[in-house]
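Full structure from sequences and hints, please.
Number of protein chains: 2
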Amino acid sequence: MFVGKMNAKDILMRAVQCDQAGRILEAQHLYQDGIQILMDLVGDESDVAKKKVFYERIKEYIDRAEQIKDRVQKHVIRGELVTNKPIDDNSTGNSYQSLFGQYLNADVKEVLLEEPYLYEKYQFQNLVTFLELLVKNCRHLKYVRVVTKTDTKAPENQSNVLEQIRADMAKRNVTLSIKFEDTLHDRKIVLSNGYIIKIGRGLHFFKATNPLYSLGLCDYDFRKCLQTDVDIWRTRNFIA
Amino acid sequence: MFVGKMNAKDILMRAVQCDQAGRILEAQHLYQDGIQILMDLVGDESDVAKKKVFYERIKEYIDRAEQIKDRVQKHVIRGELVTNKPIDDNSTGNSYQSLFGQYLNADVKEVLLEEPYLYEKYQFQNLVTFLELLVKNCRHLKYVRVVTKTDTKAPENQSNVLEQIRADMAKRNVTLSIKFEDTLHDRKIVLSNGYIIKIGRGLHFFKATNPLYSLGLCDYDFRKCLQTDVDIWRTRNFIA
Chain A
75 MFVGKMNAKD ILMRAVQCDQ AGRILEAQHL YQDGIQILMD LVGDESDVAK
125 KKVFYERIKE YIDRAEQIKD RVQKHVIRGE LVTNKPIDDN STGNSYQSLF
175 GQYLNADVKE VLLEEPYLYE KYQFQNLVTF LELLVKNCRH LKYVRVVTKT
225 DTKAPENQSN VLEQIRADMA KRNVTLSIKF EDTLHDRKIV LSNGYIIKIG
275 RGLHFFKATN PLYSLGLCDY DFRKCLQTDV DIWRTRNFIA
Chain B
75 MFVGKMNAKD ILMRAVQCDQ AGRILEAQHL YQDGIQILMD LVGDESDVAK
125 KKVFYERIKE YIDRAEQIKD RVQKHVIRGE LVTNKPIDDN STGNSYQSLF
175 GQYLNADVKE VLLEEPYLYE KYQFQNLVTF LELLVKNCRH LKYVRVVTKT
225 DTKAPENQSN VLEQIRADMA KRNVTLSIKF EDTLHDRKIV LSNGYIIKIG
275 RGLHFFKATN PLYSLGLCDY DFRKCLQTDV DIWRTRNFIA
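Respectively, the protein sequence lines represent chains A and B. When the count follows this note's numbering, it moves up by one through the first sequence with no breaks and lands on 314 for the last residue. When the count follows this note's numbering, it moves up by one through the second sequence with no breaks and lands on 314 for the last residue.
If you are wondering where the hints come from, they were derived from the structure by calculation, not from laboratory data. Just so we're clear, the structure is a prediction, and the values are computed from it rather than from any experiment. Don't take every hint at face value.
Identical chains share a label here; the pair holds if one copy fits it or two copies do between them.
What the hints assert, rightly or not - In silico PhoX-like pairs for lysine-lysine, Cα to Cα no more than 25 Å straight-line: (1) K133 <-> K262; (2) K281 <-> K148; (3) K210 <-> K148; (4) K148 <-> K126; (5) K272 <-> K148; (6) K262 <-> K216; (7) K272 <-> K143; (8) K83 <-> K298; (9) K298 <-> K216; (10) K298 <-> K245; (11) K143 <-> K133; (12) K227 <-> K281; (13) K159 <-> K227; (14) K245 <-> K281.
This is how it looks when you write it as structure tokens:
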């Protein structure tokens with residue numbers, strides 16, 4: 075990852091830049107990385123005066139990272155329901171584009187995806203399909219954070235695939251950061267333009283095509299769905 | 075197939091209906107099926123007068139089927155080049171939708187696809203992707219004829235998969251007919267609204283995603299391509 079090649083100063087400078095540009099998810103990520111490096115440095119420092127300076131800086135960045143966390147949290151809690159769309163069992167016409175493509179626009183610079191289950195092949199495929207749509211519709215996209223649970227059966231395969239996807243996104247100048255939270259249950263997609271998409275089943279509400287080579291293999295509008303609910307919320311955006 | 079359940083009279087009545095509605099590919103198909111049944115009947119008939127009536131009918135339908143064949147042939151030969159788009163090696167942004175989606179509209183009732191190679195998994199997937207686009211864009215689509223070569227290594231698998239795709243299209247009220255022509259080389263897509271799309275490599279000019287889970291897995295605009303040429307021709311439409 076690029077972070078490994080940067081020192082604390084560069085990381086924190088970039089964090090401040092992102093913060094000022096309203097890219098607060100990326101800023102939070104960078105503050106946390108920077109704080110970690112400063113913590114390691116302070117441990118090696120014997121000069122008391124220098125130690126104090128380090129601690130002051132660390133506290134300042136921790137406060138800023140906490141503020142961002144609060145802001146994202148409030149952003150998610152407040153807001154009003156824009157639309158509710160129940161998806162019926164076996165219904166079609168529910169591709170990600172059809173359901174929420176209209177909210178993915180040039181104002182989206184950052185995206186937070188909370189999706190507990192990313193370890194089966196079809197789940198990786200759904201993630202890629204979702205990212206394809208983000209990259210295609212959001213031309214100023216810079217940062218995507220994916221929060222998911224560790225695959226306890228094949229953690230290596232999961233981290234390999236996610237790393238491949240991260241590297242692919244990096245080629246397109248989008249930083250993808252993967253965070254594992256093993257208590258995660260709820261699914262949501264938070265867009266930095268102020269929209270939040272909550273789907274009961276997260277990204278995974280499509281039935282497999284049967285037989286395999288049927289319409290729906292690539293275009294998810296043709297896929298039959300599992301019953302679930304889609305709620306779309308609107309809040310003030312991150313920057314406002 | 076539905077044809078198996080119909081008698082010669084019903085088939086030929088339907089052929090005439092399709093012919094009058096300008097759905098000439100389907101009409102040609104039905105004439106040929108009807109002629110075959112009449113030929114079998116005439117062989118079993120001992121009454122000379124009745125035999126003569128049969129032969130007259132057969133000749134009449136053969137003439138009509140030949141006229142249609144000529145008309146399709148001329149349609150393909152005449153015409154003017156609308157656009158030529160060279161696809162460079164490793165270029166992207168060349169999904170079927172991006173290349174020729176604008177010509178797939180409500181005026182397309184029938185499509186002829188000549189694609190010699192349909193037996194590898196990715197080739198079946200390309201066919202399904204192409205059909206998804208047809209069904210989505212052409213809301214009056216009734217008939218698709220696919221001409222291809224027999225898979226000499228695994229003909230059963232090929233016919234099973236194509237039969238599954240045919241059954242799936244039938245559910246959407248589109249008759250898909252598969253014709254095997256083992257001398258086929260050229261690739262083309264003929265639309266009944268007068269457009270003809272000729273791609274040097276047919277449907278198969280996309281490189282596989284590498285690694286598998288990368289952008290391009292579903293959205294072919296992200297796929298790197300093989301070098302090929304796309305020519306789009308415009309002729310008078312079938313009905314005119």
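* Asked: For the identical chains here, do K83 and K298 meet the 25 Å Cα criterion within one copy, between copies, both, or neither?
  -> For K83 and K298, the Cα distance exceeds 25 Å both inside one copy (51 Å) and across copies (38 Å).
* Asked: Which holds for K159 with K227 at a C-alpha limit of 25 Å: within a copy, between copies, both or neither?
  -> For K159 and K227, neither the intra-copy (34 Å) nor the inter-copy (48 Å) Cα distance is at most 25 Å.
* **Intra- versus inter-copy proximity for K281 and K227 (alpha-carbon distance at most 25 Å)** => within (23 Å within a copy, 32 Å between copies)
* **Intra- versus inter-copy proximity for K148 and K281 (alpha-carbon distance at most 25 Å)** => Neither: 34 Å inside a copy, 45 Å across copies.
* Asked: Which holds for K298 with K245 at a C-alpha limit of 25 Å: within a copy, between copies, both or neither?
  -> between (33 Å within a copy, 14 Å between copies)
* For the identical chains here, do K210 and K148 meet the 25 Å Cα criterion within one copy, between copies, both, or neither? -> Answer is neither; intra-copy 28 Å and inter-copy 41 Å both fail.
* To do: Could you figure out if K298 and K216 sit no more than 25 Å apart (CA to CA) within one copy, between two copies, both or neither?
  => between (32 Å within a copy, 22 Å between copies)
* Since the copies are identical, ignore which copy is meant and state whether K262 and K216 lie within 25 Å (CA to CA) inside a copy, between copies, both or neither. => Intra 19 Å, inter 41 Å, cutoff 25 Å: intra-copy only.
* To do: Check K272 against K148 for me: Cα-Cα at most 25 Å, and say if that holds within a copy, between copies, both or neither.
  => Within one copy only: 16 Å inside a chain, 55 Å across chains, cut-off 25 Å.
* Between K143 and K133, at a C-alpha cutoff of 25 Å, which is it: within one copy, between copies, both, or neither? -> within (15 Å within a copy, 81 Å between copies)
* Asked: Is it within, between, both, or neither for K148 and K126, if the alpha carbons may be no more than 25 Å apart?
  -> Classified as neither; 33 Å inside a copy, 87 Å across copies.
* For K133 vs K262, is the C-alpha pair at or below 25 Å within one copy, between two copies, both, or neither? -> Answer is neither: 30 Å inside a copy and 67 Å across each miss the 25 Å cutoff.
When each numbered hint is compared with the structure, violations occur for hints 1, 2, 3, 4, 8, 13.
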